[in-house]
Amino acid sequence: MSAKNNRQSFLGPNLDQVLETVVIGVVGLGGGGSQIVQQLAHIGFKNYVLYDFDKITDTNLNRLVGATKHDVEEELPKLFISKRLIRGLLPDARISCISKHWQDQPDDLKTCDIIFGCLDGYQNRAELESLTRRSLIPYIDIGMDVRNDKNNIPRMFGQVFASIPGYPCMRCYDFINEEVLAKETLAYGDAGIRPQVVWPNSVLAGTAVGLAMNLLMNWTGKCEEQIIYYEYDGNKGTIKPHVKCDIPSKACVHYKRENAGDLALGRN
Amino acid sequence: MMQLRMPQSIHQEMRSDLRRSHPFAFERIGYIFTKPAGESVLVATGYQSIPDQYYIKDNSVGARIDHQAIALAMKRADMNKEGILHTHIHNKNGLPIFSRDDRADHPNLLRSFRNAAPGMTHGFLLLSTDKMMVRVWLPQHESPIDIFRFTIVNLPLSLDVSGGFLV
Amino acid sequence: MQQLEEQFQVLKEICINAQVFEESGYTFIYIPDQKMPHGCTPPVSDVILCPQEHSGYTSRLFFKDIIQTPKQLNWNGQAFILGQQWHAFSYNNVANMPLLNMVINHLRGLVA
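Residue numbers (the working numbering), protein chains in the order written: chain Y, 1 to 268; chain F, 1 to 167; chain H, 1 to 112.
Since the hints were derived computationally from the structure, they do not count as laboratory data. Here a beta-carbon is modelled for each residue, glycine too, at the ideal position from N, C-alpha and C. Keep in mind that the hints are not guaranteed to be accurate.
To be verified - Covered stretches of chain Y (chain F as the covering partner; in silico rule of three or more C-beta atoms under 8 Å from a C-beta of chain F):
id : region
1  : 34-40
2  : 110-121
3  : 156-167
4  : 207-221
Unchecked claim - Below, simulated BS3-like cross-link-like pairs (lysine-lysine); rule was C-alpha separation at most 27 Å, straight line:
id : chain 1 : residue 1 : chain 2 : residue 2
5  : Y       : 256       : Y       : 150
6  : Y       : 183       : H       : 71
7  : F       : 57        : F       : 75
8  : Y       : 256       : F       : 57
9  : Y       : 256       : H       : 71
10 : H       : 12        : F       : 81
11 : Y       : 100       : H       : 12
Kindly produce the complete structure, drawing on both the sequences and the hints.
In C-alpha cells form, the structure reads like this:
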C-alpha cells in the first residue's frame, strides 16, 4: 500500500489497485455531483467519466463545491470546475468530460464500473437506471428537495439509492412509478426554481460515497448486508434506511438478466 | 481494453454446473451468452449447461461434445442475437491458460458460432478455481483479443483487472 | 399475455419486422421503417409502441424522428428507450384496443 493511502489502509490491501483502475461515472455536476467528485478525488480515484452540459451561474455558488466567483464571471462549464478540483489533487487523473445530456452520448458511461447520478427529475433517473441495468453497472443516485407542507412549513427530504443489477430497482421500491412520471410529464418537465442548499448535499454525497467504498472494497466484511436505499429527513437531521428496506428483497422484476446488453435495433 | 461483466447469479450457475461430475468425461463444458454494452464491454445474459447425453466418450481429452451440444448454443445465439463463450474449468488455482487441446478446438467451434450469429463477438472462457480469462474474436476479425478485466456484479462488486479478483 | 402475443402476431402480418422488447417493466413493440401518413416528413420512421400506461398516457407511440406535419403537435415526450432517444407527441386515450389499432390510431393523430 502506498504511503499516501496509509490513513485509508483499513479499506483493504488492494486499495491502491482499485483507485488506479476503477472507472467512476458522475452524471450531473451541480450541488450533489460536485460533492461526490470532491470526495472521490480526495480518496484518490484516478479515472472519471463526467457529464454536465451546464455553465455555472451566480445561483449555483451557494452549493457547487469547488466553484468561485471568478468562475461565474467567466461563465465556466461545471465540467471545468470538477475537472480542476480533481486535477488539483490528482494531476495524473484520467478524466473524460462530456458536455452533453448523457442520453446524447451514452456509450462513454458503459465503460464505468460505478455510476453516480445527481440528476433532476424522475424520468431522467428512470432512463439512467435502464442504461445502467443493461450495462450491468451499479448506479448510486442522490437527490434532495424542499417542499412546503400543509402548514406551509418547509420540509427537506432526500434519498440515496443504489440500483445494483440483480437487486431490486427504483421501480421495485416504488421510488419511481407511473404516478410521479405522469406528474412530471404534466408539468412539461418544468421543475420550477427548486430549493437547493449545500449541507444536505454533503450528507447525501457522503452516504453515497461510503456505500460505493463498501461495494468496491467490502471493508466492513458485510457488504451483502449493505443498505441500498436511504431516506434523508433534513428537518430532523437524520439519514436512515428507508422503511421499505424492511420488506424482504426479491430479485428485480423490471430488469431481467437476459435483457442486458445493447440492442441491435433494425430489421430481423 | 475489453472487459466482461457478469451478474453473480450467472457466475454462480456456471461454476456450480461446471463443478458437477460427469459419468465419463473428466471435465464439463457450458456456454455463457453475451451481448455488447458499447464497444469495449461484453455483458453476460445467460448460461447454458450441456446435457450429459451430448458428450462423446474420448479418454484423450478432458471433454468432447457432439454436434447437438453445439447446435444448442447456435440456436439460442441465432434467436436472441447473442455471442457465445464456450466455457470450461481447469481444476487448479491461478490464471488459467488454454491447453493445446483447447486451442485445437477453437477454429471449428468459432466457425459454428459465427454461422449462428455473424454480427456478434464469440470466443472461449476458461476458469480456474479462483480466476478466469476469456479469448474472443470480434465480428469479421481474424485475430483474437484476450480479456483480463472482469466484473462479477454483486454485493460486493468483484473486480478483476489482471487475472486476479481484487476483493 | 397470450392475448398480447396473438395481437402481436396480427400486427406482424402488416409490420413484418416488428419485434417485442422488455425494459423497465414495460413491453415495447419496435417497428422499423413505419410509413407515416400522407403529408408527413420524413415519410418513414422507426417507431416504438408502448401499449401500457407510460408517462401519464394510456399508451404512447415514440418516433425516431420528430415528424413534421401540417397539424400543430406538442412533442413533449422525449424518452431514452432501448438505448436510444425517441420522441412522442401529446396524444392520449388510445387504449383498450388491439396493438395494430393502437399504432394506427397514434399515427392518425399526426394528421387528424
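> Taken at face value, is the distance from the CA of residue 71(H) to the CA of residue 183(Y) at most 27 Å?
Replying inline: 26 Å, holds
> Three or more residues of the region 156-167 of chain Y near chain F by CB distance under 8 Å?
Replying inline: holds (count 4)
> For the region 34-40 of chain Y, does the count of residues with a C-beta closer than 8 Å to a C-beta of chain F reach 3?
Replying inline: violated (count 0)
> Is the hinted pair residue 57(F) and residue 75(F) satisfied, with a Cα-Cα distance of at most 27 Å?
Replying inline: 24 Å, holds
> Going straight from one Cα to the other, do residue 256(Y) and residue 71(H) come out at no more than 27 Å?
Replying inline: 40 Å, violated
> Does the structure keep residue 256(Y) and residue 57(F) at a Cα separation of 27 Å or less?
Replying inline: 37 Å, violated
> Straight-line Cα separation of residue 256(Y) and residue 150(Y) no greater than 27 Å?
Replying inline: 41 Å, violated
> Are there three or more residues in the region 207-221 of chain Y whose C-beta lies closer than 8 Å to some C-beta of chain F?
Replying inline: holds (count 5)
> Are the Cα atoms of residue 100(Y) and residue 12(H) separated by 27 Å or less?
Replying inline: Given that 27 Å is the threshold and the Cα spacing comes to 37 Å, the pair is violated.
>> Please check whether the region 110-121 of chain Y has three or more residues whose CB lies within less than 8 Å of a CB on chain F.
In response: n = 4 at 8 Å, threshold three: holds.
> Quick one, are residue 12(H) and residue 81(F) close enough, alpha carbons at most 27 Å?
Replying inline: 19 Å, holds
Of the hints listed earlier, those the structure fails to meet are numbers 1, 5, 8, 9, 11, in rising order.
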